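Trainee: Read off the chains here:
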Amino acid sequence: MNPAPADGTRTDWNTGRALVRPHVVTGGRGTPSRNTLDHITLITAAREDLTDLGPEQCRLMRVCLGGWLSVAEVAANLRLPTSVTKVLLADLVDSGHITATAPAAPAGIPGEQLLKDVLDGLRALL
Amino acid sequence: MDQSLLVPLFWCLLACGAVGAVLLARQRHVTTRLRARNAEVEQALRIREEEVAHLASVRLRAMVDSVNGIGVDVPGLLHPRLQDTTFAQDLQVVLDLVADSEAKAVGRADEWVKTSLQSMARAVQSLAAEQQIAISAMQEQHDDPLVLEGLLRIDHANSQLGRRVQAVAVLCGAWPGTQRTAAELVDVVRGAVSRIRDYLRVEVRSRVDLAVVDTAVEPVVLAVAELLDNAARSSQSGTTVRVDVQGGHNGVSIVIDDAGVGMNSELIAKAHRLLSGTEPVDVRRLGNPPQTGFAVCGVLVAKYGFRVSVDTTSPYGGVRAVVFLPNELLTRVERPEPLRAQPRATPVAAPPVEDPALRPTTLNGLPVRRRQRPVQAGVGVAPRSRPAELQAAPPRSPEQTASGIGAWQQASVAGRVIDPHDERTSP
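First to last, the protein sequences are chains A and B. The number in my numbering is simply the position in the first sequence, starting from 1, with 8 added. The number in my numbering is simply the position in the second sequence, starting from 1, with 19 added.
In case anyone wonders, no lab produced these hints; they're calculated from the structure. Zero decoy hints are in this set.
If the Cβ cut is set under 8 angstroms, some of the chain A residues that face chain B in the computed set are:
(1) Leu-27
(2) Pro-30
(3) His-31
(4) Gly-35
(5) Gly-36
(6) Gly-38
(7) Pro-40
(8) Pro-89
Some residues of chain B that are not near chain A, with every Cβ distance over 12 angstroms (derived):
(9) Leu-43
(10) Glu-69
(11) Val-280
Covered by chain A, according to a simulated footprint, are these stretches of chain B (three or more residues, beta-carbon under 8 angstroms):
(12) 152-166
(13) 172-178
(14) 193-203
Quick caveat, the model's predicted, so the values are computed rather than measured. Heads up, the beta-carbon is just placed ideally off N, CA and C, and yes, glycines get one too.
Could you put together the complete structure from these sequences and hints?
Mentor: And the structure:
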């Protein structure tokens, strides 16, 4: 048994033909149990216990262990649509596996002028 | 009359009488023989006529049925006494010729049926694949839960459609039609679960972290999906179909247990025959509605070298189907390490805004970055408006900014020179 270079499910996801379809991942549900999660909501693992979790939930928990990631980053990691990831995350928040928090408020983000300056500078450099 | 004439006349008459008697006796003998012969010939003719009628009405029909796969024995001669005659041999020649030409016609018809079915299946299969790509793209684009729920239902229907048409293509001798790379066993089983109607009733447990080699992924998914569909259809809607993936010395078994009605010995024997993969599949005789499950598994078993058996009873009273994958079809996948969350401080919500006039700036007027104080997680922060002075700051010209950025870039490059004594740069 030689090691194979890649995992087929993930490669095929890029072509839109994932082996495990989202309806199996969420059990046919499209609506998250809570609507507090956004693309930029930050989440982290609150528990290390992975028993009774499905394969995607386990992967999600492993990704989130030890730090904070946004919902969009988690979805990209799991290679699942963000809307499907939200359904999984909402369940995990309900069961206490995941802690979610609001993202940084606009005041903590650099101002529009500063970003414009950086863009102008980069354009001038190129 | 003269006495002397009477004597010779008498003798003459006597002689004539004797000759006539002899002739008569001979004639009678000949007639008897001819009658007997005639009867014999008539009987032989009748036998042959009956034999020809038997050939036309019974033996040829049976032969045609037999060539068409209906399990009928072709009867022999009606009159066994014709066994070694030329007539019987000629009849056999006729029978063989008809059988041969019928077999050729059946073969051609089978080929035509398979070719047309296969091309139709291919067309539908590629449409289903296109549709699946479109569904996946929509799942990525739309965030509305209601839209997602609709998309999940469409995706489910599309997956079933894809499996059905894939089964038809496989039965017609085509390959399963999707090229995949190696995939983990649990994903292979869940991929199969995605493609059946009652997917919510299936419970998957896997204690094996092996993967299926690329060429066998789609065939195994299809075979497991057909067995799961059989299991779900033959059991009541409230029951669970359990799938257990178990490792062994020579390979891995995917065990599918249902709590359904089970199969009688006749059905088990039929299933065993189909699953052996040794019998050619006749697409014209799959029943109505067509029973494709075991036939598809049989074709895949013969082509890809795994085994399927359904001859044991499940502990829940139904059927236990086992798909055995030998080591040749298994591999290990090196999972790409996911981008893990970096250990970092609890997300910073808005820091208290200072007076921008007091904020230290660089020569170019850019604010100097400072370490910010971590804020307790989960603390909701009300958005604050930016101070009026900052908003009203006059825009710098691109040239001014360029010089600033140039300095920043130089500093950045200089800062990337690795100091071997710095612990932070060591891995």
